[in-house]
Amino acid sequence: MSALLQVRGLSHHYGRRIGCENVSFDLHPGELLCIVGESGSGKSTLLNTVAAQLTPTAGAVHYHQKNGDWLDLGALSEADRRRLAREEWGFVTQNPRDGLRLNVSAGANVAERLMALGQRDYGRLRDIARGWLERVEIDPARIDDAPTGFSGGMQQRLQIARTLVTQPRLVFMDEPTAGLDVSVQARILDLLRRLVNELGLAAIMVTHDLAVARLLAARTIVMQGGHVVESGLTDQILDDPQHAYTQLLVSSVLTT
Amino acid sequence: MTAAIASPAMLELRGLAKSFELHQQRDTRLDVLDDIDLTLHAGECVVLSGPSGAGKSTLLRVIYANYRTSRGAVRVRHDGNWLDLAEATPHQVLDVRRRTLGYVSQFLRVIPRVPALDIVAEPLIGAGVSVEDARQQASALLHRLNVPERLWPLPPGTFSGGEQQRVNIARGLIVPRPLLLLDEPTASLDAGNRQVVAQLLEEARNAGSAVLGIFHDEDMRDRVATRLFPMRPMALA
Ligand SMILES: Nc1ncnc2c1ncn2[C@@H]1O[C@H](COP(=O)(O)OP(=O)(O)OP(=O)(O)O)[C@@H](O)[C@H]1O
Ligand SMILES: Nc1ncnc2c1ncn2[C@@H]1O[C@H](COP(=O)(O)OP(=O)(O)OP(=O)(O)O)[C@@H](O)[C@H]1O
Ligand SMILES: [Mg+2]
Ligand SMILES: [Mg+2]
Numbered sequence: 001m002s003a004l005l006q007v008r009g010l011s012h013h014y015g016r017r018i019g020c021e022n023v024s025f026d027l028h029p030g031e032l033l034c035i036v037g038e039s040g041s042g043k044s045t046l047l048n049t050v051a052a053q054l055t056p057t058a059g060a061v062h063y064h065q066k067n068g069d070w071l072d073l074g075a076l077s078e079a080d081r082r083r084l085a086r087e088e089w090g091f092v093t094q095n096p097r098d099g100l101r102l103n104v105s106a107g108a109n110v111a112e113r114l115m116a117l118g119q120r121d122y123g124r125l126r127d128i129a130r131g132w133l134e135r136v137e138i139d140p141a142r143i144d145d146a147p148t149g150f151s152g153g154m155q156q157r158l159q160i161a162r163t164l165v166t167q168p169r170l171v172f173m174d175e176p177t178a179g180l181d182v183s184v185q186a187r188i189l190d191l192l193r194r195l196v197n198e199l200g201l202a203a204i205m206v207t208h209d210l211a212v213a214r215l216l217a218a219r220t221i222v223m224q225g226g227h228v229v230e231s232g233l234t235d236q237i238l239d240d241p242q243h244a245y246t247q248l249l250v251s252s253v254l255t256t
Numbered sequence: 001m002t003a004a005i006a007s008p009a010m011l012e013l014r015g016l017a018k019s020f021e022l023h024q025q026r027d028t029r030l031d032v033l034d035d036i037d038l039t040l041h042a043g044e045c046v047v048l049s050g051p052s053g054a055g056k057s058t059l060l061r062v063i064y065a066n067y068r069t070s071r072g073a074v075r076v077r078h079d080g081n082w083l084d085l086a087e088a089t090p091h092q093v094l095d096v097r098r099r100t101l102g103y104v105s106q107f108l109r110v111i112p113r114v115p116a117l118d119i120v121a122e123p124l125i126g127a128g129v130s131v132e133d134a135r136q137q138a139s140a141l142l143h144r145l146n147v148p149e150r151l152w153p154l155p156p157g158t159f160s161g162g163e164q165q166r167v168n169i170a171r172g173l174i175v176p177r178p179l180l181l182l183d184e185p186t187a188s189l190d191a192g193n194r195q196v197v198a199q200l201l202e203e204a205r206n207a208g209s210a211v212l213g214i215f216h217d218e219d220m221r222d223r224v225a226t227r228l229f230p231m232r233p234m235a236l237a
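In order, the protein sequences belong to chains W and Z. Reminder that position 97 of the first sequence reads as 97 in the numbering used here, one-by-one numbering, no gaps. Reminder that position 145 of the second sequence reads as 145 in the numbering used here, one-by-one numbering, no gaps.
What the hints contain is simulated information worked out from the structure, not anything from laboratory work. Positions of the beta carbon are idealized from the N, C-alpha and C atoms, including for glycine. Treat the hints loosely; a few may be bogus.
Restraint ranges, calculated between C-beta atoms of paired labels, are given here [said to hold, decoys possible]:
#1 W/THR148 <-> Z/GLY157: 33 to 43 Å
#2 Z/ASP35 <-> W/GLU137: 49 to 59 Å
#3 Z/PRO51 <-> W/GLN167: 23 to 33 Å
#4 Z/THR89 <-> W/ASP181: 35 to 45 Å
#5 W/GLU134 <-> Z/ARG150: 50 to 60 Å
#6 Z/ASP222 <-> W/ASP181: 29 to 39 Å
#7 Z/ASN206 <-> W/GLY68: 18 to 28 Å
#8 Z/ASN81 <-> W/ALA211: 28 to 38 Å
#9 W/ALA211 <-> Z/ASP217: 47 to 57 Å
#10 Z/PRO115 <-> W/ASP181: 33 to 43 Å
#11 W/TYR14 <-> Z/TRP82: 43 to 53 Å
#12 Z/PRO148 <-> W/VAL182: 43 to 53 Å
#13 W/GLY68 <-> Z/PRO115: 34 to 44 Å
Listed next, the stretches of chain W that the computed footprint assigns to chain Z, with coverage defined by at least 3 CB atoms under 8 Å from CB atoms of chain Z [what the hints assert, rightly or not]:
#14 62 to 74
#15 146 to 156
#16 187 to 197
#17 222 to 235
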């Protein structure tokens with residue numbers, strides 16, 4: 001089977017400080033991979049370096065494009081990087097306010113990425129936006145409301161709709177449920193789980209919550225101090241952790 | 001039984017060992033399995049027997065690659081070829097689980113907000129069956145296992161132990177797989193439902209599946225087993 005993404009020996013240093021160090025993995029189409037670890041372990045750094053938002057200090061990321069060609073993300077022009085982000089990828093940030101445009105309506109937030117791909121038919125865009133609001137369980141009657149008046153959970157669901165509406169092949173998510181109430185979290189996780197299955201998305205998700213990894217990801221990477229200390233099947237890592245740090249992590253939570 | 005042995009081998013355990021290194025407990029090492037050899041043929045139902053702590057559940061989990069193998073081989077016949085799960089990549093293991101190797105755990109792992117019917121249908125959809133067909137088959141199986149229809153649209157979090165277990169069995173058996181692992185699937189079921197499970201397993205065997213299970217209930221064991229595989233705790237071995 002052919003991979004979607006190949007990460008090899010990837011490092012990013014902030015000056016002399018290690019962000020992430022010598023990370024390698026493959027991601028296959030339709031697969032959700034979780035990156036777990038404590039605060040400061042390098043999860044966001046790894047995610048952003050893989051997504052070509054940060055420049056690697058060493059190593060390489062290759063991406064299998066929709067047109068079948070392999071792209072070396074390290075050799076990407078700024079224009080190509082933007083094209084990928086627009087046409088083939090999606091990003092979901094921890095704080096929905098970073099991923100949304102707060103001064104325009106919910107409908108415009110959903111439609112914007114489609115418009116960037118050249119869709120102009122206003123009536124059709126509105127229908128699609130309405131459909132996606134419904135899909136993420138936001139009352140379509142709120143299509144003309146600005147997201148500033150939405151709850152945190154609603155904003156996050158709106159961001160998910162805005163990101164997935166273009167049916168990206170690869171989605172990067174950094175703690176999409178952190179900072180939300182547990183019941184709100186459960187709803188968003190259920191939503192993500194369904195959408196990932198229905199759309200056959202590949203995704204990399206950063207989380208510090210092992211239960212989230214168990215629920216969503218077939219494979220997991222465990223990081224500590226910028227290094228990958230363990231990686232493999234999520235259920236194997238959680239039920240039979242090998243590394244001392246993973247054992248500590250697993251034994252510190254009540255149930256997963 | 002003779003017929004079973006004449007049929008092709010589906011699973012071969014060779015020199016299998018499993019230890020746990022507990023780094024939180026001053027690196028204590030717990031030896032649970034050592035030098036296990038077992039061959040399982042199509043159409044057989046081998047039942048693991050032995051006292052609590054003998055490592056029966058551990059053995060099933062090692063075969064399913066839920067636990068890592070410490071030593072030895074877990075060879076599974078997958079698509080007509082032998083694959084050693086102890087050496088397989090995560091992607092290979094996932095593919096084996098999708099199509100060849102099923103596992104019914106002791107308890108249902110409830111997924112928040114997902115209805116019982118979808119929990120059962122999901123593995124079929126994962127195997128490529130259309131959503132509608134999958135729901136249809138899930139309904140039929142839940143019906144057979146006497147899960148009341150009014151429960152199907154509800155997430156099983158609030159179900160009784162026996163109801164959850166029947167949802168779990170349905171989820172584990174809905175995709176016909178050549179190799180089935182079952183960890184006390186009938187522990188919380190009444191006699192009638194045990195009977196149903198015994199029938200389902202018999203049908204699976206007749207269709208050529210190989211079954212490896214743990215059944216504490218003696219009636220159930222006598223009913224389903226074609227052979228016993230005795231196990232003993234290692235300290236006593
Ligand atoms: N812009 C930066 N400049 C310097 N050091 C940074 C920068 N961003 C992150 N770091 C450092 O790199 C290391 C990894 O940080 P990173 O943000 O990747 O961690 P994380 O695992 O995402 O943590 P959290 O769970 O708290 O979000 C930390 O030591 C952090 O202080
Ligand atoms: N993940 C694990 N980490 C550490 N030790 C484990 C783990 N899983 C099982 N064990 C240990 O392995 C030994 C065998 O347990 P196992 O559950 O396989 O026994 P069993 O034969 O299934 O017993 P029972 O009949 O009571 O279910 C026990 O000492 C148990 O504590
Ligand atoms: Mg972070
Ligand atoms: Mg057991």
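- Task: Indicate whether the distance between the beta carbons of Z/PRO115 and W/ASP181 respects the range 33 to 43 Å.
- Result: 23 Å, violated
- Query: Between Z/ASN81 and W/ALA211, does the beta-carbon spacing fit 28 to 38 Å?
  - Reply: 36 Å, holds
- Within the assertion that chain Z covers the stretch 222 to 235 of chain W, do at least three residues meet a Cβ-to-Cβ distance smaller than 8 Å? holds (count 3)
- Item | C-beta pair W/TYR14, Z/TRP82: status relative to the range 43 to 53 Å that was hinted | 48 Å, holds
- Message: Can you tell me whether the CB distance of W/GLU134 to Z/ARG150 sits inside 50 to 60 Å?
- Response: 26 Å, violated
- Message: Verify this for me: three or more residues of the stretch 146 to 156 of chain W with a beta carbon less than 8 Å from a beta carbon of chain Z.
- Response: violated (count 0)
- Cβ-Cβ distance between W/THR148 and Z/GLY157: within 33 to 43 Å? Holds, since W/THR148 and Z/GLY157 (Cβ atoms, about 35 Å apart) stay within the stated range.
- Item | Hint check for W/GLN167 and Z/PRO51 - Cβ pair distance inside 23 to 33 Å | With Cβ atoms ~54 Å apart, the hint is violated.
- Task: Confirm or reject the claim that Z/ASN206 and W/GLY68 have a C-beta distance inside 18 to 28 Å.
- Result: The hinted range 18 to 28 Å is violated for Z/ASN206 and W/GLY68, with Cβ atoms some 45 Å apart.
- Query: Using the C-beta atoms of Z/THR89 and W/ASP181, is the stated range 35 to 45 Å upheld?
  - Reply: Given about 38 Å between the Cβ atoms, the range holds.
- Are at least 3 residues of the stretch 62 to 74 of chain W within less than 8 Å of chain Z when you compare beta carbons? violated (count 0)
- Z/ASP35 paired with W/GLU137, Cβ distance criterion 49 to 59 Å: 54 Å, holds
Going through the hint list in order, the structure does not satisfy hints 3, 5, 6, 7, 9, 10, 12, 14, 15.
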